[in-house]
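Numbering follows my numbering, in which position 145 of the sequence shown is assigned residue number 147; successive positions increment by one, without gaps.
Be aware that a few hints might be false.
Label-pair ranges, simulated between beta-carbon atoms [stated by the list, open to error]: (1) Thr24 to Thr142: 37 to 43 Å; (2) Phe23 to Asn67: 24 to 30 Å; (3) Gln55 to Val22: 37 to 43 Å.
Derived SDA-like pairs (lysine to any residue); straight-line CA-CA distance at most 20 Å [said to hold, decoys possible]: (4) Lys66 to Arg121; (5) Lys66 to Arg115; (6) Lys73 to Gly107; (7) Lys68 to Phe30; (8) Lys73 to Asp56; (9) Lys73 to Arg106; (10) Lys73 to Glu108; (11) Lys66 to Ala37; (12) Lys68 to Leu28.
What the hints contain is simulated information worked out from the structure, not anything from laboratory work. Note that CB positions come from ideal geometry on N, CA and C, so glycine has one too.
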Amino acid sequence: MAGFAKVILISILVVAAFIVFTNFVLFFPWYMTLAYETQNLASIAANYNYLPQDEKVFILDNLKNKPVFNKCPDKIEISSDQEGEYSYEYYKDLDISLKPYLQRGETFYVEIRAAYPFRFELAGSERQIDYEVSFRLPVTGIRYYKDLE
Numbered sequence: 003m004a005g006f007a008k009v010i011l012i013s014i015l016v017v018a019a020f021i022v023f024t025n026f027v028l029f030f031p032w033y034m035t036l037a038y039e040t041q042n043l044a045s046i047a048a049n050y051n052y053l054p055q056d057e058k059v060f061i062l063d064n065l066k067n068k069p070v071f072n073k074c075p076d077k078i079e080i081s082s083d084q085e086g087e088y089s090y091e092y093y094k095d096l097d098i099s100l101k102p103y104l105q106r107g108e109t110f111y112v113e114i115r116a117a118y119p120f121r122f123e124l125a126g127s128e129r130q131i132d133y134e135v136s137f138r139l140p141v142t143g144i145r146y147y148k149d150l151e
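Modelling step: build the complete structure from the supplied sequences, incorporating the hints.
See below:
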């Protein structure tokens, strides 16, 4: 009887390991896509010294159309310490405290958060656990703004 119990336990563990392995085979390319898009967004934000809204929306739409990301599109979030909705021309005559951009050499962060759908079938019904992951990069602004002097 003990041998039969060991066989059942081993088969359950093998099936569980197989399910985990097949789900995480797709996790690493998914995570590298998250890191790549964060790097792209950080380089754009470094050029402007803030994160423009149109670039944020473009990357967000791009991620929502990717294969694994489209399983949980409502859990994709892009954030930054410095965000702006308009271009430099709109902000240049405003007070310094209202400008979203920083001076050259100052650091801020860009972060993308998303949820990886960990799916498995248990007793004939499909279950899903969302594993929330974020990738955050520090960004140093490279543009010099004369209106911030």
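Check your understanding: Using the C-beta atoms of Phe23 and Asn67, is the stated range 24 to 30 Å upheld?
Key -> Check passed, 27 Å falls within 24 to 30 Å.
**Study point:** Restraint status (C-alpha distance of Lys73 to Arg106 at most 20 Å)
**Key:** violated (39 Å)
Check your understanding: Under the criterion that the straight-line Cα-Cα distance not exceed 20 Å, is the pair Lys68, Phe30 satisfied?
Key -> holds (14 Å)
**Study point:** Satisfaction of the hinted span 37 to 43 Å by the C-beta atoms belonging to Thr24 and Thr142
**Key:** For Thr142 against Thr24, whose Cβ atoms are near 40 Å apart, the range 37 to 43 Å holds.
Practice item. For the pair supplied as a hint, Lys66 and Ala37, confirm whether the alpha-carbon distance does not exceed 20 Å. Key: Distance ~15 Å between Lys66 and Ala37 Cα, so the pair holds.
Check your understanding: Straight-line Cα separation of Lys68 and Leu28 no greater than 20 Å?
Key -> holds (13 Å)
Review point. Between Lys66 and Arg121, does the CA-CA distance stay at or below 20 Å?
Key: Holds: Lys66 and Arg121 sit about 18 Å apart, inside 20 Å.
Exercise for review: For the pair we were handed, Lys66 and Arg115, check the Cα-Cα distance against 20 Å.
Suggested key: The given pair, whose Cα atoms are some 12 Å apart, holds under the 20 Å limit.
Check your understanding: Holds or violated: are the alpha carbons of Lys73 and Gly107 at most 20 Å from each other?
Key -> violated (38 Å)
Practice item. Decide if the proposed pair is consistent with the structure: Lys73 and Asp56, CA atoms, cutoff 20 Å inclusive. Key: Violated. Lys73 to Asp56 sits at ~24 Å, over the 20 Å cutoff.
Practice item. Can you let me know if the beta-carbon spacing of Gln55 and Val22 is within 37 to 43 Å? Key: holds (39 Å)
Point to revise | Given hint Glu108 paired with Lys73 - CA-CA distance at most 20 Å | key: violated (37 Å)
In this structure, the hints that do not hold are numbers 6, 8, 9 and 10, in rising order.
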